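Student: This is what each chain is made of:
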Amino acid sequence: MNASSSRVDAQSGARLSSGLSMRQKQVLWAWSFLAVPVLFYAVVRFYPTLEAFWIATTNWNLLTKPSFIGLANFKRLMADPVFWQVFRNTALYLLLGTPISLLLAFTIAYHLDRVRFLHGFIRALYFLPFLTTAAAMAWVWRWFYQPVPIGLFNNLLAGLGIAQQPFLRSTTQSLPAVLAPAIWAGLGFQVVIFMAGLRAIPTTYYEAARIDGVSNGTILRRITLPLLKPTIVFLVVFSSIGFLRIFDQVYNMTSQTSSDPGGPLNATKPLVLMIYQTAFSSFDMGYAAAQTVVLFLVLLAVSLLQLRLLRDR
Amino acid sequence: MAAIELQGLVKRYGKTQVVHGIDLTIEDGEFVVFVGPSGCGKSTTLRMIAGLEEIDGGTISIGGRAVNRLEPKERNIAMVFQNYAIYPHMSVAENIGFGLYTAKLDKAEKRRRVEETGRILGLEALLERKPSALSGGQRQRVAIGRAMVRDPAAFLFDEPLSNLDAQLRAQMRLEIKRLHQRLGRTIVFVTHDQVEAMTLADRIVVMRDGRILQVGAPMELYEKPADVFTARFIGSPTMNILPARATTAAGATTLALGEQPLALPTAMGTVPADLLVGVRPQQLRVLANGEASDLVLSGKAAVIEPLGSETFVHVEHGGGLILASAPAKAPPAVGEIVRLGAPASALTLFDAASERAL
Numbered sequence: 001m002n003a004s005s006s007r008v009d010a011q012s013g014a015r016l017s018s019g020l021s022m023r024q025k026q027v028l029w030a031w032s033f034l035a036v037p038v039l040f041y042a043v044v045r046f047y048p049t050l051e052a053f054w055i056a057t058t059n060w061n062l063l064t065k066p067s068f069i070g071l072a073n074f075k076r077l078m079a080d081p082v083f084w085q086v087f088r089n090t091a092l093y094l095l096l097g098t099p100i101s102l103l104l105a106f107t108i109a110y111h112l113d114r115v116r117f118l119h120g121f122i123r124a125l126y127f128l129p130f131l132t133t134a135a136a137m138a139w140v141w142r143w144f145y146q147p148v149p150i151g152l153f154n155n156l157l158a159g160l161g162i163a164q165q166p167f168l169r170s171t172t173q174s175l176p177a178v179l180a181p182a183i184w185a186g187l188g189f190q191v192v193i194f195m196a197g198l199r200a201i202p203t204t205y206y207e208a209a210r211i212d213g214v215s216n217g218t219i220l221r222r223i224t225l226p227l228l229k230p231t232i233v234f235l236v237v238f239s240s241i242g243f244l245r246i247f248d249q250v251y252n253m254t255s256q257t258s259s260d261p262g263g264p265l266n267a268t269k270p271l272v273l274m275i276y277q278t279a280f281s282s283f284d285m286g287y288a289a290a291q292t293v294v295l296f297l298v299l300l301a302v303s304l305l306q307l308r309l310l311r312d313r
Numbered sequence: 001m002a003a004i005e006l007q008g009l010v011k012r013y014g015k016t017q018v019v020h021g022i023d024l025t026i027e028d029g030e031f032v033v034f035v036g037p038s039g040c041g042k043s044t045t046l047r048m049i050a051g052l053e054e055i056d057g058g059t060i061s062i063g064g065r066a067v068n069r070l071e072p073k074e075r076n077i078a079m080v081f082q083n084y085a086i087y088p089h090m091s092v093a094e095n096i097g098f099g100l101y102t103a104k105l106d107k108a109e110k111r112r113r114v115e116e117t118g119r120i121l122g123l124e125a126l127l128e129r130k131p132s133a134l135s136g137g138q139r140q141r142v143a144i145g146r147a148m149v150r151d152p153a154a155f156l157f158d159e160p161l162s163n164l165d166a167q168l169r170a171q172m173r174l175e176i177k178r179l180h181q182r183l184g185r186t187i188v189f190v191t192h193d194q195v196e197a198m199t200l201a202d203r204i205v206v207m208r209d210g211r212i213l214q215v216g217a218p219m220e221l222y223e224k225p226a227d228v229f230t231a232r233f234i235g236s237p238t239m240n241i242l243p244a245r246a247t248t249a250a251g252a253t254t255l256a257l258g259e260q261p262l263a264l265p266t267a268m269g270t271v272p273a274d275l276l277v278g279v280r281p282q283q284l285r286v287l288a289n290g291e292a293s294d295l296v297l298s299g300k301a302a303v304i305e306p307l308g309s310e311t312f313v314h315v316e317h318g319g320g321l322i323l324a325s326a327p328a329k330a331p332p333a334v335g336e337i338v339r340l341g342a343p344a345s346a347l348t349l350f351d352a353a354s355e356r357a358l
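Residue numbers (the working numbering), protein chains in the order written: chain A, 1 to 313; chain B, 1 to 358.
Pulled out of the complex, with its shape left as it was, chain A reads as follows (with noise of 0.2 Å):
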């Protein structure tokens, strides 16, 4: 009986097998596999990005059952003085963090292309920063940035006889020192994707040029950039998200003893820090998550637009 059915199973399966076309067995297999990241991502990806949409409708501190309240928590959030100074902050990581490492992994991607002698080992210089963990460079940089005699920029300051500098200690100049290890350690994957770009252009586009007596700038203006975009679109984008999420530098060299991280007087606070101290601080998680929901609009905004911009063009 046991034996009998088994067998009837095996020939409905063959018959089921053999019943489906090609086509349909390539879609049963491609679906299998793919069952297996899609649901890992629905449970732990997608469904807590919904989750955050409805904490942001709701007064939840954790304790308390959460209650609806609407859109409170973002009219809040819009009369908050303390978020548009963050988001001040954030805009200005963005727009002066992407240009300006952009700008330098080219400089030295397109020069250390021309380099043999100990191309591999310079490489490996500018890429040995992205290996390491952000908070122990943060707080390798935060030294660098202590006054005389212990910081290393304002003894060389006052080796030159220039005036001490507060840096991290200044409302104005901490961001741009907090934003320089952040470009730093973006740097050498930056120059190595550049770098892979720069090799993907065939050279008889450049002896053809040579041949035609075109210049150096010329060549880098009409035929090196234009054949780059692919690797700058890229890169603007990636960076982009990079910089608008920027929280371990930050939280690393801005912390004091008596004081949150973010300051001199959220003078370096971007919007995911605020996030983590709305949450995490305050325990206030209705309102971060109205804040998150607001990062998560504006990356995806930020990062349309570029691709649109940078593609169309």
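The hints are simulated quantities; they were obtained by calculation from the structure and are not laboratory data.
Just to be clear, a hint being listed does not mean it is correct.
Claimed, not checked - FRET-style restraints, in silico, Cβ to Cβ: (1) B:L70 to A:L128: 38 to 48 Å; (2) A:S215 to B:E128: 37 to 47 Å; (3) A:Q26 to B:L321: 40 to 50 Å; (4) A:L128 to B:Q167: 53 to 63 Å; (5) A:R114 to B:K15: 16 to 26 Å; (6) B:K15 to A:W29: 48 to 58 Å; (7) A:R199 to B:E128: 26 to 36 Å; (8) B:D209 to A:W29: 52 to 62 Å; (9) A:S215 to B:L321: 32 to 42 Å; (10) A:W29 to B:T102: 54 to 64 Å; (11) A:L125 to B:P37: 21 to 31 Å; (12) B:Q167 to A:K25: 35 to 45 Å; (13) B:L358 to A:R199: 50 to 60 Å; (14) A:L299 to B:L70: 51 to 61 Å.
Only a predicted model underlies this, so the values are computations on that prediction, with no experimental measurement involved.
Glycine is no exception: its CB is placed at the ideal position from the N, C-alpha and C atoms.
We have chain A already, so just place chain B on it with the hints.
Tutor: Then chain B, alone, in the frame of chain A:
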């Protein structure tokens, strides 16, 4: 005046020498083809003429002026590359006009020249298109257009037809030849395809292992190859090379090859005992029953290849296959024993030791 003169030209990559002291004079307006197997140094030589490779020895002069140390742009040459090297982000007109980028001409004149070039090459309707919307042959024409528009003293072509299919290659060959007749500029053309070399060249330069083996007009190379390599390389299908022994008795030299001894002309003087005899398949014919010839070989027909105008027959002989021709409409059957014959005048003799022609 744009004669190109190479004297003792040497190129090394590290310790490996790839071009061994080449001497060659290319006359003004001449179409010279460098031909040879890959790695023979033909492309390297061309790139040294262009100024894309440093010269490690000897001199190159173009139009009587030594150019060893001149930048490519100062040599007044144009080059067409194997992969065309046309810029994908520029239109056809911009690509052609890029050759004029540094020229001191006003915009209207540049535009006129680009249009003129487009007209000559039949690209008028395509001037505003991007290269991605062009066929292989059209892209090749754009590359030629970019070279032409500057009106250079000489054109250098680096295997420009290798990326095209056979039919298009034949068509572009014709176009390049007509262009040469029309413009009358010096052309140096590199290829590994002996058909291109034969059909295009005023003179062919056969190269191997960084040395020139022979320089000559196509028919000269075909009829009087200097060595076994050139003999086999030039002409299609490849020449048959058969080992033979020569014996001298009473002042007359005879060749022991095939069914009957073959008397060599006394003018040849003394020849080495071990020879290689070359005979082209077109001249080694399948003999009719009872037909006589100077050289007669026989063997079993192994493979028949009809080509329409004639039929080639691979015949088993002396442990290998030799290629002979048969009338198109009356080929032998596979497995049939056939007799092959060639006149003495069709034979090329080589010294078996040095492989040089006698």
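Student: May I ask which of the numbered hints given earlier this structure violates, with the numbers listed in increasing order?
Tutor: 2, 9 and 11
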